[in-house]
Amino acid sequence: MNPQIAQIKQIKKKFKMQKSKFKIQKSEESAKSGDSGFSPRIDTEIAGVHFENPVLTASGTFGYGQEFAHLIDLNALGGIVVKGISAEPMAGNPPPRIYETGAGMLNAIGLQNVGARKFLEEKLPFLRTLRTRCVVNVFGYSTEDYVRAIEILNAGEGIDAYELNISCPNTRCGGMVYGNDPRLTEEVVGASKHVARFPLIVKLSPNVTDITVLARAAESAGADGLSLVNTFVGMAIDIESRMPRVSNITAGLSGPAIKPIALRMVYQVARAVKIPIIGIGGIASAEDALEYIIAGARAVQIGTANFYAPETTLRVIEGIREFCRRKQVHLAGLVGSIKVSTDVGPPSS
Amino acid sequence: MIDDVVPVVENRPLTGGHFLLSVQSPRQAQATRAGQFAMVRLLDRSDVLLRRPMSIYDVKPAVARGRNVAPPFMAAGAKLRLSASRAEAGLPIASGRVPPGPTVATIIQLLYKVVGRGTHLMAELKPGDKVGLIAPLGHGFFVEEYLDAAQRADAVLHVAGGIGIAALLLPARDLARGGIRQRLFFGGRTKEDLVGLEEFKPLVKSIDVATENGSRGYRGYVTQRLETFLERNRSKKYLLMVCGPWGMLEASVRLAKRFDHPCLLSMENRMGCGLGVCLGCCIRVVGEGHNAYQRVCTEGPVFWAERVVFESTDCAD
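Protein sequences, first through last, are from chains Z and C.
Residue 146 in the numbering used here sits at position 29 of the first sequence, with consecutive numbering throughout.
Residue 62 in the numbering used here sits at position 59 of the second sequence, with consecutive numbering throughout.
Hints are computed from structural coordinates only; laboratory data are not their basis.
Heads up, the beta-carbon is just placed ideally off N, CA and C, and yes, glycines get one too.
Some clues are possibly wrong.
[To be verified] To be clear about the criterion: a stretch of chain Z counts as covered by chain C if any three or more of its residues have a C-beta under 8 Å from a C-beta of chain C, and this derived list gives those stretches:
#1 171 to 182
#2 199 to 211
#3 214 to 222
[To be verified] Computed list of lysine to aspartate or glutamate pairs in DMTMM-like fashion (alpha-carbon distance at most 20 Å, straight line):
#4 C:LYS133 to Z:GLU428
#5 C:LYS133 to C:GLU13
#6 C:LYS133 to C:ASP47
#7 Z:LYS310 to Z:ASP262
#8 C:LYS204 to C:ASP157
#9 Z:LYS456 to Z:GLU404
#10 Z:LYS235 to C:GLU302
#11 Z:LYS235 to C:GLU291
Generate the whole structure from the sequences, applying the supplied hints.
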């Protein structure tokens, strides 16, 4: 057996042991609930990867981690999802690329990135020095592109999981084509899973009629987890010049404006699949994150808030811990704990 | 870079919808070098999310009421580098025209114009209010090669368009301290746009002003004045330092090329983070593929003119 695979299996086994230990500890601790010294466990597991806490940074909002090293303690994060990586470097879209809208922002960066090889050489060594989990967001223009990028990245030491981006709205015939079609989703997820040395999380697009269809397709093709959701396609126009505000004409909307819609999607998908879900969309506070967790997410990603408030992730982690302490519950006890009077889901849009 | 929440000391209205915001922030003020910028956040506003990028106009030991009377501050590191490299080049050190600055700055000043919702809300800030400030950001003007170019030139020509003046005061002060001759070309739509002129007076040999409506100085674009000047002084070697709207940058670069002078541009752009991660502020530069775009916040905001590609876009900016 390949020694690297053996190593991974060993790590996985260790996690399973930790998990069972966690269950014992949990039952012990819940037995003495009411104890004011309750110390909640907020660690979590996604796709077989153990995270110290459920807060990750969203791809494209945190660079390659190092950019925030002067601003926050990177080791306090649950995980860092790096900027989308393709097999070859990408230039990105012409400016202007961003525009601020009400409680949100539009972006059409166009997946500018250094390419998989340079990522391994220049960016990964720093990430490896951290205790924080490193999730590498991967994208391509064809199934072959995705596979090629993963094959290059497989050589990287210190990668904990892949996040397959089949949902970027800002590249020509880009990932979103895959994210809109369940057959193509199955194809690209299946092919990627086949070559991937690390667990595979699939990031879905919200720009679909029924997201549960795509979620099921990804699950059946072997996805180990789901990230929900990428940005919503939107636009803005300058009425004076009658020109679009962003060169790509349409752009991805993120920020607090999208939270209720993304939350609804997490709730729907949590009822449709068995694999773990990471909730993403407009999270700026612990309360926002807890809504996603109660809706069924085992972890969350924070994106746009990193831009204007770099300390958000740490504030959210502390807030989740404090909430769990107050409610005398471990994080695992909150996941999917939404109380609804009937078991009827919301109507699909 | 330092991320902090800092108190407003003064938010002084100037002409033409301009304001001079002074915040108390010793650590950030002392770390600031000429040409760097700050990302300003209005706190407790979920409708205005993003920080606003602003040139650091000035740093001071204490806020000056009324007219600017406080002596200028200069970063000790920059001063030493400047003096040392001048000495090495056999050039005179510090002309002494500008009095030596104090060593401890505590105030950061940002000069801004009310143009959109963010700056409109900024204008309502009162002394004692808090703002989020990440500063200083960007590499600014004083990396060695810029200094060398300034020393080789007969004079540095500052070319400012409107609020672009905000990026040029600190470098002008540093250069004046280093004994480098400077001139200012300052253009605006109207005379109300010509804020900060007084601060430049002790630093530069001449000030040439142009307004589009002719309310002060030459009627027209300041780059027309620059062209006349360069035409008359063909034998001289200048370094151009330019900050202003896109059209003005482009015109200045054309002139620099025609008269064969090196030219530095302090670029502006919309920014999502100012930290180098959102890639929202990228501009087109000379280069192919992955090297075709560079971040204003990280590789800039100051660029050599020949690096920047001026191409028309199909959308509003």
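Hints, one by one, checked against the model:
1. As drawn, the stretch 171 to 182 of chain Z meets chain C at 4 residues by the rule of a beta-carbon pair under 8 Å; at three or more, the given contact holds.
2. Counting residues of the stretch 199 to 211 of chain Z whose C-beta lies closer than 8 Å to any C-beta of chain C gives 6; at least three are required, and the coverage claim holds.
3. A stretch counts as covered by a chain when three or more of its residues have a beta carbon under 8 Å from one of that chain; for the stretch 214 to 222 of chain Z and chain C the count is 8, and the coverage holds.
4. A threshold of 20 Å between alpha carbons decides the hint, and for LYS133 (chain C) with GLU428 (chain Z) the separation of about 17 Å falls inside it, so the pair holds.
5. The suggested pairing of LYS133 (chain C) with GLU13 (chain C) holds, with an alpha-carbon distance near 11 Å, which does not exceed 20 Å.
6. The suggested pairing of LYS133 (chain C) with ASP47 (chain C) holds, with an alpha-carbon distance near 10 Å, which does not exceed 20 Å.
7. Annotation: proposed proximity of LYS310 (chain Z) to ASP262 (chain Z) holds, straight-line Cα distance about 14 Å (limit 20 Å).
8. A threshold of 20 Å between alpha carbons decides the hint, and for LYS204 (chain C) with ASP157 (chain C) the separation of about 19 Å falls inside it, so the pair holds.
9. Only pairs whose Cα atoms come within 20 Å are accepted, and LYS456 (chain Z) paired with GLU404 (chain Z) is accepted, the gap being roughly 17 Å.
10. Only pairs whose Cα atoms come within 20 Å are accepted, and LYS235 (chain Z) paired with GLU302 (chain C) is accepted, the gap being roughly 19 Å.
11. With a C-alpha separation of about 16 Å, the suggested pair LYS235 (chain Z) and GLU291 (chain C) falls inside the 20 Å cut-off, and the hint holds.
Of the numbered hints given earlier, the model fails none.
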